[in-house]
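If you want the building blocks of each chain, they are given just below.
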Amino acid sequence: MSDQVAPSEDQSRGLIKSTQELGAGLFLIAIALFFYWQGLDLPRGSLRALGPGMLPLALVTLLGVGGLMMVIFSLFEVGPRLERWSLRGPFFVFGGIILFALLIRTCGLMVAGPVSMIFGMMASDEFELKEATIFSVAMTIVCILLFKTLLRLPIPVIGTLLEPFFPF
Amino acid sequence: MEAFLGNLALGFGVALTLNNIFLCFVGCMVGTLIGVLPGVGPIATIAMLLPITFGFDPTGALIMLAGIYYGAQYGGSTTAILVNIPGEATSVVTVLDGHQMAKQGRAGVALGMAAMGSFFAGTVATLFIAALGQPLTKLAQLFGPAEYFSLMIMGLVFAVVLARGSILKAMCMILLGLLLATVGTDLETGQERMTLGIQDLSDGVDFAVLAMGIFGFAEIVRNLENPETRDVVRAAIGRLWPSKDDFRQSYFPILRGTLIGAVLGILPGNGAVLGPFASYTVEKKIAKDPKRFGRGAIEGVAGPESANNAGAQTAFIPLLTLGIPPNAVMALMVGAMTIHGIIPGPQVMTKNPELFWGMVASMWIGNLMLVIINLPLIGLWVKLLQVPYRMMFPAIMIFCCIGIYSINNSTSDVLFTAFFGLVGYTLLKFGFEPAPMLLGFVLGKLMEEKLRQALILSRGSFSTFIERPVSAGLLLVAVVMLAIALLPSIQKGRDEVFTE
Amino acid sequence: MKKLVLALAATAMMTGAAQAQSYPNRPVTMIVPFAAGGPTDIVARIVGEHMSKTLGQQIVVENVAGAGGTTGITRAAQSKNDGYTIMMGHMGTHGAAPALYANLKYDPVKDFEPVGMAAGTPILIVGKKNFPAKDLKEMMAYLKANADKVNQAHAGIGAVSHMTCIMFNSQLGIKPTAVPYSGTGPALNDLVSGQVDYMCDQIVNLVQQIKAGSIKAYAIATPVRSPALPDVPTTVEAGMPDYQVTAWNAIFAPKDTPKEIVTGLTDALNKALDDEATKGRLLELGGVLPTKDERGGKWLGEFVGKEVARWTPVLKDAPK
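Residue numbers (our numbering), protein chains in the order written: chain A, 3 to 170; chain B, 15 to 514; chain C, 539 to 858.
Don't read these hints as lab results, they were simulated from the structure. We put the beta carbon where it would ideally sit given N, CA and C, even for glycine. Be a bit skeptical, because a hint or two may be false.
[To be verified] Here are the computed lysine to aspartate or glutamate pairs in the DMTMM-like style, where the Cα-Cα straight-line distance is at most 25 Å:
# : chain 1 : residue 1 : chain 2 : residue 2
1 : B       : LYS443    : A       : GLU79
2 : C       : LYS854    : C       : ASP649
3 : C       : LYS591    : B       : ASP71
4 : C       : LYS854    : B       : GLU206
5 : A       : LYS132    : B       : GLU206
6 : A       : LYS150    : C       : ASP620
7 : C       : LYS675    : C       : ASP769
8 : B       : LYS117    : B       : ASP260
[Said to hold, decoys possible] Residues from chain A that face chain B, not an exhaustive set, calculated with beta carbons under 10 Å:
#  : residue
9  : PHE37
10 : PRO58
11 : TRP87
12 : PHE96
13 : MET123
14 : GLU128
15 : LEU153
[To be verified] Far from chain B, by Cβ distances over 10 Å, these chain C residues were calculated:
#  : residue
16 : THR592
17 : ALA603
18 : GLN709
19 : LEU710
20 : PRO792
21 : LYS793
22 : GLY834
23 : PRO851
Put together the whole structure using the sequences plus the hints.
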């Protein structure tokens, strides 16, 4: 990442010298606060008898301090800007995975495979429905042969909802 | 010496029967296959194949299962190098330089060097087990909770050195990893910690779930948004075979890695996991130009891979001589042995010498087979990189989903992986590296457990860590290493400290 | 469209009905609520292998570990009661769980159709090699006198070694320092190297270490000695007759699984327990098999009720 440091127009930046560093710091602080809030109820115990909450509290504090340091540095240290965020990739890829999770038990790999793969493939700008359909169906068959037949993993192929239609 | 040779002869006599060679081959094949498939781990597969081994004699069954285990270790490195997904904690390090090499068209070289380093390490480790297995277990017994805690602290120092960019960012990632490791049921009180009330989190986050999300899925999304990075992988594929120069650079890292891995693997508290990290740290620290590390340095593949394989083999020592499984796969091996009527423990060596020495000998044969199976495959693996990315990523996706699901037959694990993918993507955007976080996560669980055990045993006195000589020694090494890691950069001025 | 859906539903119901008649016509899933390789998993796989032969369909073991086994049992309890999902329950999930987990989503007594007891593994009381006590009586005296000094290991809250040692301690009336480990392996390691003083666990985990002399066995918590360790006295002989604990494993089906199916499964289980090879395997583990009276669903149902009643007060009062 450090390869991209310091493009030439950096001198002209305003108060914040590195938006990436600022974002990183704020993100860490947010995580620290979240975990602090989650761990509030845990008994901390004492140094002589550590409770469940002691270590998380220490880690959260250090993480928060780290984040704060980053925020401060971002004001003085010239560094990379925040990159552009895409929505398409995350939406379709993570959406595809979520679809897999939702479908695998009920409809089995038979359905979950193609559906999640086709949905995921839409993340690519080279997406073509026909190609994606053929590819995902073929991959699903490969997966069934590989995981079910060869490796004998107990992965549902048909699924509980569709089972009554396959009385064999 | 005579006894040693006699034992080895006995072992090879058992392992070289046609039947056992065949089982060893099948094990290595299946192991390589599941190792290469991202997300599918050896645990699920060994569990599923257990019933098939019911019909075999115990030695044959164990030879096959052991073959699956180190085959999977080996195949895991292939995936780490090719698609940047570490299937196991021990291949996190391979990802760093291995995948960079692949991006530079040197995937074949990386794979070849990994194969040869592993074979060398496997050979040495086999001899090591045969010669020193029994006496070394005494050493392992010196390690109580306090010693393990100090060892983990040393491991955390490795993580700082692992970092490629900003040290501050690396430290924060380690902290985040440690924090994630605290999620789940508290060991001592049984209280649920930071599980957000989700029952599936009550046993904490699974390593594969985190690694697959943070590395695998985050990488996919990142590759999709800038076509240049994904095309690099497909661009000019260089030589398939390491050159003389590559070999020259790798001799000593392989030797050192083997030694480090073999020693750490003996520790019954899963010391093997530290091997690759330790080896990487050593190589980076003694290299003339540490900046090459993380950008495709061959030493960063050869050393850790050797350490990984050596550790994977010597991890059998605590299992076979003490009956204590150092990790989840070994725990499963205990189950497998038990089903076959052999309960692993200090007596296996004297009561079932054919089994013990047969297994030791089969390890070496297995390593030889892995080289034979894998060297011709390198060409194929490299060709796989030329598959268009629009087809490669859905394939990785579905393999990971199936693999994650089959770890514990749980759909929520799959959902968590998607979540961690999103987190990983965000972290990448903010310029964080995932490797230190994974190491923090791996060490975190053990570290807290050992810290609290040590403090319970000492009735709350921290001086236990200094009063015990082994523990004090380890802490001293950690402090010295940290100083070596930080000092040169501090002298160079703050600018350099945070970008190295 | 509506007609089509109705027709489909009708065929579904008919095939469903046909299925019940010729049970089983596809593989049966047995959920094991612990990781593969542990004692419960091993019992499930050994028994399951023979039951598959009787049923004519494979029994596929599915490991769903988590939260002391309650994750897997919760899932199994909620699955379809058509006989195609059964489970291997355990002393923890069907005895101790109600006391240990406040928001348990099932009732061990009411939410299951008991199929039958499979096999149990007896509990042993063991100490480190140089523990200063010759026999159980001396050990009890030593523990009472030094309760603030001794360290007892266990494999985590909800583990067999945790529950059974609480029972042991509460019968002795002591509250020693408990050192939690993340599994039997690490706990045993520290017992062998003498970091901790004593623990209680299943015989299968300990037998080799005892034979090798790296730890000392004080008593076995069953009425008769185990053939795997004939020199170890029972708690009755050694002076603590009330301490009777076996980590039992038993097969259950979800609530309201058809009676014929449950009986069929019970028969298959009994056939497996009568088979010499299967029996041999289980005995090699140091396991105890149910006697003729202890077989079948009715006995198991009553037994579960007694276990819940026995564990609840012990665990509720115990220091966690």
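Right, here's what the structure says about each hint:
With a CA separation close to 18 Å, the supplied pair LYS443/B and GLU79/A stays within the 25 Å bound. With a C-alpha separation of about 22 Å, the suggested pairing of LYS854/C with ASP649/C holds against the 25 Å cut-off. Using a Cα cut-off of 25 Å, the hinted pair LYS591/C and ASP71/B holds, with the two alpha carbons roughly 21 Å apart. For the suggested pair LYS854/C and GLU206/B, the alpha carbons sit about 17 Å apart, so the restraint of at most 25 Å is met.
For the hint pairing LYS132/A with GLU206/B, the CA-to-CA distance comes to about 48 Å; that exceeds 25 Å, so the pair is violated. Restraint check: the Cα-Cα separation between LYS150/A and ASP620/C comes to about 23 Å, which is no more than 25 Å; the hinted pair holds. Using a Cα cut-off of 25 Å, the hinted pair LYS675/C and ASP769/C holds, with the two alpha carbons roughly 16 Å apart. With a CA separation close to 17 Å, the supplied pair LYS117/B and ASP260/B stays within the 25 Å bound.
Because the smallest distance between the Cβ of PHE37/A and any Cβ of chain B comes to about 6 Å, under 10 Å, the interface hint for this residue holds. Satisfaction of the interface hint for PRO58/A is found here, the shortest Cβ-Cβ separation to chain B being roughly 5 Å, below the 10 Å cut-off. A hinted interface residue such as TRP87/A counts as satisfied when its beta carbon comes closer than 10 Å to some beta carbon of chain B; here the least separation is about 6 Å, so the hint holds. Interface hint at PHE96/A: satisfied, since its Cβ lies 4 Å from the closest Cβ of chain B, which is below the 10 Å cut-off.
Below 10 Å, beta-carbon pairs count as interface contacts, and MET123/A has one with chain B at about 5 Å; its hint therefore holds. With 10 Å as the threshold, the beta carbon of GLU128/A comes within range of chain B, its nearest partner Cβ sitting at about 5 Å, so the hint holds. With 10 Å as the threshold, the beta carbon of LEU153/A comes within range of chain B, its nearest partner Cβ sitting at about 6 Å, so the hint holds. With a cut of 10 Å on Cβ distances, THR592/C stays outside the contact zone with chain B, its closest approach being about 16 Å.
The beta carbon of ALA603/C is not kept farther than 10 Å from every beta carbon of chain B, the shortest such distance being approximately 6 Å. Taking the minimum C-beta to C-beta distance to chain B, about 22 Å, the non-interface status of GLN709/C holds against the 10 Å cut. In this structure LEU710/C is separated from chain B by more than 10 Å, as the shortest Cβ-Cβ distance comes to about 20 Å. A cut-off of 10 Å between C-beta atoms confirms that PRO792/C is not in contact with chain B; the least separation is 17 Å.
Listed as outside the interface, LYS793/C is consistent with that label: its C-beta sits roughly 20 Å from the nearest C-beta of chain B, beyond the 10 Å cut-off. Every Cβ of chain B is farther than 10 Å from the Cβ of GLY834/C; the closest lies at roughly 26 Å, confirming the non-interface assignment. Interface exclusion of PRO851/C from chain B stands, the closest Cβ pair being 18 Å apart, more than 10 Å.
Hints 5, 17, counting from the list given before, are not met by this structure.
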